[in-house]
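Trainee: Protein chains in written order, with this note's numbering: chain A, 1 to 247; chain B, 248 to 546.
No wet-lab data here; the hints were simulated from the structure. Yeah, the Cβ is synthetic: ideal placement off N, Cα and C, and Gly gets one too. There are no misleading hints in this set.
The following label-pair restraints were derived from C-beta to C-beta distances:
| no. | chain 1 | residue 1 | chain 2 | residue 2 | range |
| --- | --- | --- | --- | --- | --- |
| 1 | B | Ala521 | A | Arg173 | 51 to 61 Å |
| 2 | A | Lys14 | B | Ala434 | 30 to 40 Å |
| 3 | B | Tyr505 | A | Gly139 | 55 to 65 Å |
| 4 | B | Ala333 | A | Leu216 | 44 to 54 Å |
| 5 | B | Ala367 | A | Arg114 | 53 to 63 Å |
| 6 | B | Met302 | A | Gly13 | 53 to 63 Å |
| 7 | B | Gln352 | A | Arg53 | 25 to 35 Å |
| 8 | B | Gln352 | A | Ile125 | 51 to 61 Å |
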Amino acid sequence: MRLSIDELHVSYGKVRAVQGVSLGVDTGRLVTVIGTNGAGKSSMLHAVSGMVRPTSGKVTLDGDDITGKPYHKLVPRGLVLVPEGRQLVAGLSVEDTLMLGAAAARMTNAEAHRQMDDVLSRFPILAERLKERAGLLSGGQAQMLALARGLMSAPRLLLLDEPSLGLAPRAVRDLFAMVSELARQGLTILMVEQNVRQALAIAEYGYVMDSGRIILEGQAGELATNDMLVASYLGVARDEKTGEETA
Amino acid sequence: MLDFVQNLIDGLMVGSSYALLALGFTLIFGAMRRLNLSYGPSIMVGVFAGTLVHMQYSAGLIAVAAATMIGSAIATVYVERLCFAAVRSGAAVASMVSSFAVWMQIEEAVTLAFPRRTYAFPALSDAPPIYVGELFFRIEYVVMAIVAALVMLVLYAILNRTRFGLQLRAVSQNPVAARYSGINIPAVTLQAFLLAAVIGAIAGFLIAGTDQQITPRFGLWATIKGLIAMMLGGLGSIPGAILGGLLLGVVEAQSQWYLGTEYRDLMAYLVLFAFLVLRPGGLMGTVAVTQDREAARRL
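Okay, chain B solo, but in the shape it has when bound (with noise of 0.2 Å):
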């Protein structure tokens, strides 16, 4: 029992790095109903941007952070304007294929700029494990997690506070409509593909921070924690990302624990396999597409 508790405490806090992922991809698909596979392979452009300074300039934390968005959103504004910007209406299929040729280019591109492959990153913390009872927290877990609600509280509060929130509202709803309230859909589309470049370099730099090291490898790990944990949770839904990255989290580590690290991987597919045939709209997914339609319906 200590163990399944221990277990979920971890998962919960892995976990909630890989909501910020599936809230990232949630962003994108709901500014443009397209799947932005290269969210993965610009988050790890931001991470080896962050590697650089801190091997360059011994840069500390926050000025690692800094690079690690920065890099990040540069890589984002260019899959943006190649694969969604340029390919506008109706062919969402091109767009994310394009997505994963730029995804190719990207981590050919890193690969050969870091030809090492493996670099360190600088870490979350040093400090050893603090104990509760007989239960251990890893302090670099305790710093994701506290980051990641903190991230999804500012997200929150940008969504429902602000104009930009209120209009990206609007676009992942019914794009149609919202262009005829005078909305710029450009514009909002390209805002939220930054917002979704800032949220997914925090995760970068926290999951890179507790590795610490890095390797282009991390574009593709990235991408697929994401989108696993954003189809758990409901295509779309912004409670549904929080919610499945957490489980996949708690997935994962439950399975690595009793079944043993070979089988992580395949428990966190085996889940989602059956969420997809049997609850095929997520944790939440359902519940948003029904009221949508409830809605629509009376309109």
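For reference, chain A alone in the conformation it holds in the complex (with noise of 0.2 Å):
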């Protein structure tokens, strides 16, 4: 599913997050968009899910304008959303939660359960913990649960918001594994990251934001050698006439 997003504004009363954002990720591919926290990123992925409505622009799903449908309505579509900070139900049982991702796409129960059949075999974590509350999952496995309940939804474009935040660094692994697995299936996935390492390594195509705008794209292989990028995200710098990392 190809997505399509043309200059698009977002504001909230004065601060205006997000300003002029134009990008594409074409059917199949990960693209990842990097910068750092208060960048706009994540006010932009909202926007384009229809979690928040934007000020002005236009998004685009293989060509259908989508601009500003609420979220529910896009699920359907297969536009599905991994949100920051996992947002799960805490009282909710793992089956349950993931029955709520099948419930918005308004899959029929055998399809449903097709569905869980095959998101499971992925998370087999999940599948022996299913009569368990979502809150009392690992933060580890409550970011697997949320990326499966969004899988549940069996999505044609996938919206990644900071997947890694506040994982434990293998967890994070895990995590990328994952996604990269995910994108090697032909899923198409627009990942929002502040580990841009580790983004940029299981991306094809990048995107730098920063204010709101964004300042720098690429292939992800040249950006993660980018100079600039290099200096102000990854924590390294170079030294001007060796051309050699310094700590």
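Build the complex: two chains, separate frames, hints provided.
Mentor: Right, here's the structure in full:
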């Protein structure tokens, strides 16, 4: 599913969070938007997914204008957001949480159960804890559940908002391996991340956002070696004369 | 002792109808975290619709019950659109105040349409009471308790076995996360109001069928009984609403017998007051609240 964002603006009162962002994600690609906290990445995803209404601009899915459509209407069309901070209902069981994903995509019961089997085969840890309350999962498991709930909606475009936030290094590795695997299987993914190095390691293309604007874009491999990016986001500086990394 | 047991049985049976009213309040409160003061008056509209069908067409109990549900549902949708859907984010007090205003409007409209005030409602049963040993059971109360128990079972199944129930539980516990889960919150909310309307209509039908009459004051009465029962049980708790309704019924029956009719409501308020001071979360509320907090902290 092809996503195209054109001159998107998002404001909260006087705060202009997104100021004219245009980007595209082609079918089957894994694209990442990186940038610091407060750069407007999350606001951009919220506007794309209909969680907030953009001030102006246009969002299209396979050419259809979906600007400002509420999220619950976009899920059945295949657009699924895995929100920052998981946003799980603590008191619901893992199984119920997954069924919410199927319900949002308006699946029949038979479809929902088939989808459940498919999703659980990817997340054996969740399969063991179907009756456990979501609130009792560890951080890494909770993030997996949020991702699994999204996959239960049978997405054709997956929007990931800071999936690695607050996770232990090992959980981050597992998570990115999963995202990478989904991309390899042909799912279209737009991932917003602060974890620049690892995001660029699995993405094909990247955009760098700062103060509500896109300031840099390119192939992920090129961005990972871009001097400016390396200096400001990867926390390493290069010695100008020798070109060697210094701490 | 025999009196006490007899009062206890009567109280539980009458309390089952209070429990239904409290469940309706709880469903609406769960979906919106707002009180719908017009809940009782909406039910009252339904009961008058039932009376109308009864008087005009001498309809049977099933038709009267259906008319009660339809009337209550229409009035409830009116209240939901006007006081709740139109007043969306953050303005809980505005919703509550406007539901009070609409209550007055509904009561006035019904009074104008039914100027005699007191109207006959068909009896649930005119069979004589049955005796079990020295205890006696009014058939209307038995019907009331059985129907209420069935409604609770159906509600349990709806909440735990259907998608709507799952979505409503999600919205009640965490509306923000529910929205991120792709739930159409306005639609689920409207359905919760309708479910509450049907449950309230059944309660109204059972109560009016026991009293065999209805007045426009029924709205006030139903709102107060439902609110007290909900507060006793714990705001927003489904099992709490049931326990609170039963407790209210028993307190009323006992105080009416031992202290006299004039003390019945006074005792009910006294118990409510004691709960608000000593156990503000109600019978179940505090448990649910702490569990929720525990889980939320871990997420």
